[in-house]
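Just so you know, the sequences run in chain order G and F. Here the first sequence stands for residues 1 to 111, where the numbers follow my numbering. Here the second sequence stands for residues 112 to 227, where the numbers follow my numbering.
It cannot be assumed that every hint is accurate.
For lysine to any residue, the following SDA-like pairs were computed, each having C-alpha atoms within a straight-line distance of at most 20 angstroms [stated by the list, open to error]: (1) G:Lys30 to F:Tyr213; (2) G:Lys52 to F:Tyr213; (3) F:Lys179 to F:Ala197.
Which chain G residues stay away from chain F? Per the calculated CB distances, all over 12 angstroms, these [what the hints assert, rightly or not]: (4) Val19; (5) Gly28; (6) Pro61; (7) Arg63; (8) Phe69; (9) Leu88.
Just so you know, the hints here were simulated from the structure itself, not pulled from any lab data. Small disclaimer: the values here were computed from a predicted structure and weren't measured. Don't be surprised by glycine CBs; every beta carbon is placed ideally from N, CA and C.
The residues making up each chain are set out below.
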Amino acid sequence: DAGVTQSPTHLIKTRGQQVTLRCSPISGHKSVSWYQQVLGQGPQFIFQYYEKEERGRGNFPDRFSARQFPNYSSELNVNALLLGDSALYLCASTNTLGELFFGEGSRLTVL
Amino acid sequence: AQSVTQLGSHVSVSEGALVLLRCNYSSSVPPYLFWYVQYPNQGLQLLLKYTSAATLVKGINGFEAEFKKSETSFHLTKPSAHMSDAAEYFCAVSEMRMDSSYKLIFGSGTRLLVRP
């Protein structure tokens, strides 16, 4: 079975631009979460979606938004990029036991 | 609010030696605790989890962790380190929030170095 897949794996943007990151959960998982991992730190919770509805939001500005589609895939959008948005963005899908399974991430560099 | 503290940002051991990675948690409710491993340029892989059953939890790759409520600890151990264990290890506690969302709160990580 395929795991959590994320695209793109790497991307470079300049300040002020917008970025869209994509995630496909493990088949059968209905919940998707997004985490930001800045270099040298642990992942920080950004969003959780369940059955296409936002279930939770971390301490991130409104420049960050997300959505989940009927097939449970998800997109994370970040507007007006700042240098500090440079990070590894991790998507995770959750099984019925509450276990999170992470993708390999999208590494965003903002110049 | 829940939180996790990992003592030691770097731990170095010789191949074949005991691995001990420390994690202390703070939680107002019985916690669910997790250890994840991250290899360079990869995502996080679940090593093991504690969900209020047995206090000694066995995971993949020979790792285990013991939940000690009195010490609020969930340290990760492996009897004999292998070169392939070199990676970043994260301890995490789960939080079920008022809005029914579910998130993990991660520690800052411990980088394990294994010397030949």
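Verification of the hints:
1. For the proposed pair G:Lys30 and F:Tyr213, the alpha carbon gap of about 13 angstroms is at most 20 angstroms, so the pair holds.
2. Restraint check for G:Lys52 and F:Tyr213: the C-alpha separation of about 15 angstroms stays at or below 20 angstroms, so the hint holds.
3. In summary, the hint linking F:Lys179 to F:Ala197 is not supported, as the alpha carbons are separated by about 26 angstroms, beyond the 20 angstroms threshold.
4. At roughly 19 angstroms from the closest C-beta of chain F, the C-beta of G:Val19 stays outside 12 angstroms, upholding its exclusion from the interface.
5. Residue placement check: G:Gly28 keeps its beta carbon more than 12 angstroms from all beta carbons of chain F (closest about 17 angstroms).
6. G:Pro61, annotated as away from the interface, keeps every beta carbon of chain F farther than 12 angstroms; the closest lies near 18 angstroms.
7. Remark: the non-interface label on G:Arg63 is consistent with the geometry, its nearest Cβ contact in chain F lying 20 angstroms away (cut-off 12 angstroms).
8. For G:Phe69, the condition that its CB be more than 12 angstroms from all CB atoms of chain F holds, with the nearest at approximately 19 angstroms.
9. Under the 12 angstroms C-beta cut-off, the non-interface status given to G:Leu88 relative to chain F is violated; the minimum distance is some 8 angstroms.
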